[in-house]
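Engineer: What follows is each chain in one-letter form.
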Amino acid sequence: MHIVVLVKPVPDPASGAERLTPDGRLDRAAAPAVVNANDEYALEAALKLVEAHGGEVTLLSMAPPSAPETMRKALAMGAHRGLLVTDDALPGACTLSTTRVLAAALRELQFDLVLAGADTSDGGAGVVPPGVAALLGLPYLSYAARIEPQPDTGTVRVHRIAPTGFDVLEAPMPALVVCTQALGEPRYPSLKGIMAARSKELGSRALADVGVSPQEASGAAATTKVVGTSTPAPRPPTRVIREPAAEAARQLVAFMAERRLI
Amino acid sequence: MTATTPATKTTSSSGLYRLSEEQLMLRDAVRVLADERIAPRAAEIDRTAEFPEDVRQLLATHDILALPFPEQYGGVGTDLLTVCLAIEQISRVCATSGLILAVQELGALPVLIAGSADQKQRWLPDLAAGRTLIAFALTEAEAGSDARAVRTRAVRDGDDYVIDGAKRFISHGSVADLVVVFAATDPSAEKTGRRLSAFVVETDRPGFSVTRLEHKMGIRGSPTAELAFTGLRVPAANLLGEDGDGFGIAMRTFERSRPGIAAQAVGIAQGALEVATRYARDRKQFGRPIGGLQMIQAMLADMDAQTEAARQLLYRACAAIEAGDGDPARWAALCKLVAGDAAMRVTTDAVQVLGGYGYIDEFAVERMMRDAKITQLYEGTQQIQRLVIARSLLRHA
Chain A
34 MHIVVLVKPV PDPASGAERL TPDGRLDRAA APAVVNANDE YALEAALKLV EAHGGEVTLL
94 SMAPPSAPET MRKALAMGAH RGLLVTDDAL PGACTLSTTR VLAAALRELQ FDLVLAGADT
154 SDGGAGVVPP GVAALLGLPY LSYAARIEPQ PDTGTVRVHR IAPTGFDVLE APMPALVVCT
214 QALGEPRYPS LKGIMAARSK ELGSRALADV GVSPQEASGA AATTKVVGTS TPAPRPPTRV
274 IREPAAEAAR QLVAFMAERR LI
Chain B
311 MTATTPATKT TSSSGLYRLS EEQLMLRDAV RVLADERIAP RAAEIDRTAE FPEDVRQLLA
371 THDILALPFP EQYGGVGTDL LTVCLAIEQI SRVCATSGLI LAVQELGALP VLIAGSADQK
431 QRWLPDLAAG RTLIAFALTE AEAGSDARAV RTRAVRDGDD YVIDGAKRFI SHGSVADLVV
491 VFAATDPSAE KTGRRLSAFV VETDRPGFSV TRLEHKMGIR GSPTAELAFT GLRVPAANLL
551 GEDGDGFGIA MRTFERSRPG IAAQAVGIAQ GALEVATRYA RDRKQFGRPI GGLQMIQAML
611 ADMDAQTEAA RQLLYRACAA IEAGDGDPAR WAALCKLVAG DAAMRVTTDA VQVLGGYGYI
671 DEFAVERMMR DAKITQLYEG TQQIQRLVIA RSLLRHA
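So the protein sequences, as listed, match chains A and B.
Under this note's numbering, think of the first position of the first sequence as 34, with each following residue one higher.
Under this note's numbering, think of the first position of the second sequence as 311, with each following residue one higher.
It is possible that some hints are incorrect.
Pairs of lysine to any residue residues, derived as SDA-like cross-links and limited to a Cα-Cα distance of at most 25 Å, are as follows [to be verified]:
id	chain 1	residue 1	chain 2	residue 2
1	A	Lys81	A	Tyr176
2	A	Lys233	B	Leu329
3	A	Lys225	B	Thr442
4	A	Lys225	B	Phe596
5	A	Lys233	B	Ala370
6	A	Lys225	B	Gly384
7	A	Lys225	B	Glu381
8	A	Lys225	B	Glu332
9	A	Lys233	B	Pro380
10	A	Lys225	B	Glu363
11	A	Lys225	A	Glu102
12	A	Lys225	B	Gly387
13	A	Lys225	B	Arg466
Chain B residues, not near chain A, derived (Cβ > 12 Å throughout) [claimed, not checked]:
id	residue
14	Gly558
15	Ala590
16	Arg591
17	Asp651
Since the hints were derived computationally from the structure, they do not count as laboratory data.
All C-beta atoms in this analysis are idealised placements derived from N, C-alpha and C, irrespective of residue type, glycine included.
In isolation and in its complexed conformation, chain A is listed as follows:
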C-alpha cells in the first residue's frame, strides 16, 4: 500500500512568535518551523497502516526552500521519502495555488491513499484537501476517526466523526482521507529514525517540473489577500463551580437564569 501524506511546515505555535508581515503574509522568519500538528496525526495514521498492511509512505509538501529541515523530522518518524515543490514564484500563493500544485505533484506519484490533516495551525482554511480531491477526481472521506483499507475489494472504509457518532463511509481506492486527532497520538521519532532520515530521499521540484504555470499558481496569481487582522477581545475569566452536585446545579441554574439563558 502506497500512501502520500500532505505535510506543511508551519511556525511553531508553541513559540508564541507567530505573526504576519506588514503586507499580511506569514512571517516565516519570526518563529522556528515545525510540521503542522494535524499533519503529524495523518502521518502517524499512515505509518500504522503500512505497518499493518505493508507498503511505503511518501511526504508531499509545497513550501519554501528551507522546508527539508522540517521534513526531515517527519522522515525521522518513519516516512520513507519526501517530495518538496518549491519555486521562487510561490511565496504569497493562496490556497487555490497550493491545491493546484499539490494535485499536479500527486499526478506523478503512485498511491492508494492520500492522507491530510484537517487544517493547518497557521492558515487554518482547511480547504486544500477537498480541493485536491476535487481536482484529481478522488473520493473524499473527511474527519476520519478510523481508516480501514479493504485490500480484497480495493476499497477503504472510514469512520467519519459526525454530530451523533460516526458515519461509516466506503470508497474505492485511490482516495483522499482527512485525518483527525482521534486516530491516535503521533509517535516520537526514535534516534535510529533520526539517523536514517539523513539518507532518505528528499526530492525537490520546481513549478515547471510538475507542469504548473505561474498563471495557475504563484504569489502573483493569488486569489485571496489578507486585508487586515484583529485580535478578538479577551474573554472574561471562566467561572468554575467546585461544589457538591446539588449545590453546583443550583448555582449553575442561578447563573443561567440571571443571564436569561433559561
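Given the structure of chain A, go ahead and fit chain B onto it with the hints provided.
Structural biologist: Showing chain B alone in chain A's frame:
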C-alpha cells in the same frame, strides 16, 4: 546534509568542535522525550527510590540506550559527544534516569574496549536494544580510590574461573543482567597493574547474590548494590582480554565514562539554573519580581557562567578524546572535575535563590542539589581527578 557528514566536526590538532546538524536533532529529540515523559516522573522516582523500569523501557524503545553501540551490533553508532548530549538532556530533568544510559555505557565499555569479536556478538546486541542491562563492578569496601587493592579473587579451574569476594557501591548491581567483575587473578604480580582481570558475569549464575541495597542521599531511584560472589563459576570465554589486563581495561573505560558523569553534572546544573531563573522571574517580594534584585541577578549570572564553562569543557574533552588528541585520561578528569563542582555550586545556589521554597520538595532544586553531590564522588572522587590531571602534567613536563 549528506550521509558522509561526520557526526562531530573537529579538527584534531586544535580540538575545536561544533555540533553537527545530526547531533542537534538527536539532542533535541532526547530533550523532548525527557521533558514530556521523564520530567513528570522525576519527583516520584526520587521519593519511592525505586528503579524506574518504565524509563528504562522508554530509553530502550527510542534507541537512546543504543547510542554508545556500533551499528553492526544494533546500535546507533554515534560518538562520545552525542552520548554525552543525551545524558545531559535526561539528567536536566532526572539524574537517576540520565544515569541509566551512563551506567549502560560504563558497563559496556570494557566489552567494547577489550572484548573479542565473539564476545561482542554475544552481549552487545541485547545491550544495544536495552533488552539487558550491564553494571561495572570494580569498587570494594576496602578498595575505592585505591583500585589496585581489589581483594575479590578469580582462580583458574580447568576451562572455568571461580570467583570469590564482594563488591560495593555497584550502580544497577541489583537490576543488571550482566556485571563486569574485576577480580585479582595474580595477587602477587610484580607489576600491581597486572594483578586484575575483567570478567563478564551473568547475574543468574549460581554463587552470585545481591547482599544489600544502599539508602542514598541522591540518585535515589538508581539501585546501588553490594554484591557477593561465592564459588561463582564463569567460563574462561567470559574473560575480557588476557589475564592481568583488568586494571588497564578499567582505566581505559574511565577515559570514556567520566565524560558521561560530567554530562550528568552539566545536565543537573542546567536543570537547576532553569528552575531558579523561572522562579526569580515569577516570585514577587518588595513589590516586584526578585529577578529584578541585583543580588539575585548576580547569582543567576554566576550559575549560568559556571554551567556553560563546564559544558564547553565537556564538549571539548569529548572531541579531544574521540580524536585521540592529547592525553584522554586528563581530558576525562578535567571535565568531570569542573562539571561536578559546577553542579554542586549551581544547585546549592539554586536552593538559595528559591529560599525556603528551595528547601522543600515542592520545587525540584533540593533533589537536584542532593543528586549533584554524587557527581563529585563516583567514577573517581574529585581528588582522584586532580591526581590524574597532575600526573599527566608532570609526565609531559
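Engineer: Starting from the hint list further up, note which numbers the structure goes against and sort them upward.
Structural biologist: The structure conflicts with hints 4 and 13, although it agrees with all the remaining ones.
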